[in-house]
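*Asks:* Single-letter residue listing:
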Amino acid sequence: AQSVTQPDIHITVSEGASLELRCNYSYGATPYLFWYVQSPGQGLQLLLKYFSGDTLVQGIKGFEAEFKRSQSSFNLRKPSVHWSDAAEYFCAVGATSGGYNKLIFGAGTRLAVHP
Amino acid sequence: GAVVSQHPSRVICKSGTSVKIECRSLDFQATTMFWYRQFPKKSLMLMATSNEGSKATYEQGVEKDKFLINHASLTLSTLTVTSAHPEDSSFYICSAHARAPRTDTQYFGPGTRLTVL
Chain Z
1 AQSVTQPDIH
11 ITVSEGASLE
21 LRCNYSYGAT
31 PYLFWYVQSP
41 GQGLQLLLKY
51 FSGDTLVQGI
61 KGFEAEFKRS
71 QSSFNLRKPS
81 VHWSDAAEYF
91 CAVGATSGGY
101 NKLIFGAGTR
111 LAVHP
Chain E
1 GAVVSQHPSR
11 VICKSGTSVK
21 IECRSLDFQA
31 TTMFWYRQFP
41 KKSLMLMATS
51 NEGSKATYEQ
61 GVEKDKFLIN
71 HASLTLSTLT
81 VTSAHPEDSS
91 FYICSAHARA
101 PRTDTQYFGP
111 GTRLTVL
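As given, the protein sequences belong to chains Z and E, one line each in that order. Quick note on numbering: my numbering labels position 10 of the first sequence as 10, and the sequence is numbered without any gaps. Quick note on numbering: my numbering labels position 13 of the second sequence as 13, and the sequence is numbered without any gaps.
Simulated from the structure, these hints should not be mistaken for laboratory data. Do not take every clue at face value.
In silico lysine to any residue, SDA-like type, Cα no more than 25 Å apart, as pairs [unchecked claim]:
no.: 1; chain 1: Z; residue 1: K102; chain 2: E; residue 2: E59
no.: 2; chain 1: E; residue 1: K64; chain 2: Z; residue 2: A1
no.: 3; chain 1: Z; residue 1: K61; chain 2: Z; residue 2: S73
no.: 4; chain 1: Z; residue 1: K102; chain 2: E; residue 2: E52
no.: 5; chain 1: E; residue 1: K42; chain 2: E; residue 2: T75
no.: 6; chain 1: Z; residue 1: K49; chain 2: Z; residue 2: S80
no.: 7; chain 1: E; residue 1: K41; chain 2: Z; residue 2: L48
no.: 8; chain 1: Z; residue 1: K61; chain 2: E; residue 2: A2
no.: 9; chain 1: Z; residue 1: K102; chain 2: E; residue 2: D65
no.: 10; chain 1: E; residue 1: K41; chain 2: Z; residue 2: E88
no.: 11; chain 1: E; residue 1: K42; chain 2: Z; residue 2: S73
no.: 12; chain 1: E; residue 1: K41; chain 2: Z; residue 2: Y25
no.: 13; chain 1: E; residue 1: K20; chain 2: E; residue 2: E63
Since we're looking at a predicted model, the values are computed, not measured.
Can you make the complete structure from the sequences, with help from the hints?
*Replies:* This is the structure in structure tokens:
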């Protein structure tokens, strides 16, 4: 069965520090992978996605993620975190079912940023 | 582009009443919309997949008679929580798929906070 694991429930970093949020997936075929960000009480905003091609994907707000098939990982990175990046981050895999791509989400990682 | 709206953003109702939540794709046609439920500090749980012009497909454990979904047009899907009870209180989020769903992305609405008293 398809699944997504985000090992870190909560991460705290200092403003200006680098960030890496981990994501591991389980999926039999080539996965479609996504990272979304959710601010408190808000919906989800797409940061970036991987469908195929270059395994290093650039997204919005200075985020990037690298697809590593051998490790079944799709970790999210940012070289320098801003206070406004504090939010909940969700990794998701697109699983085909009945011809449609359902999203299976990880549990999320809550990011806190210290000034 | 790819804006999805939800209405209302917040609703409080009495136990036993029904509540309708609308999800609209504002600048694209959505052949498929998805309804999620999110518990506090938890991830999103897919409730159902809503296909334009056909019956919704519900995930295992989701009561279809409790959560009525209608996808009447390519830009509107509605979720009606019937005979709501306090345990139905949650954050409900919809998303919309543009055409060519195998490759396109889901775009999410801002969510609706339902509180049942």
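*Asks:* Now, for every hint given, state plainly whether the structure supports it.
*Replies:* Going through the hints against the structure:
1. Z/K102 / E/E59: holds, 11 Å
2. E/K64 / Z/A1: Measuring from Cα to Cα gives roughly 24 Å; hence the hint holds.
3. Z/K61 / Z/S73: holds, 21 Å
4. Z/K102 / E/E52: Status holds; Cα separation ~16 Å.
5. E/K42 / E/T75: It is violated: about 28 Å lies between the C-alpha atoms, which goes past 25 Å.
6. Z/K49 / Z/S80: The hint holds at about 20 Å.
7. E/K41 / Z/L48: holds, 22 Å
8. Z/K61 / E/A2: holds, 18 Å
9. Z/K102 / E/D65: It holds: about 22 Å lies between the C-alpha atoms, which stays within 25 Å.
10. E/K41 / Z/E88: Holds - the C-alpha atoms of Z/E88 and E/K41 are around 9 Å apart, at most 25 Å.
11. E/K42 / Z/S73: Holds, at roughly 21 Å.
12. E/K41 / Z/Y25: holds, 21 Å
13. E/K20 / E/E63: holds, 16 Å
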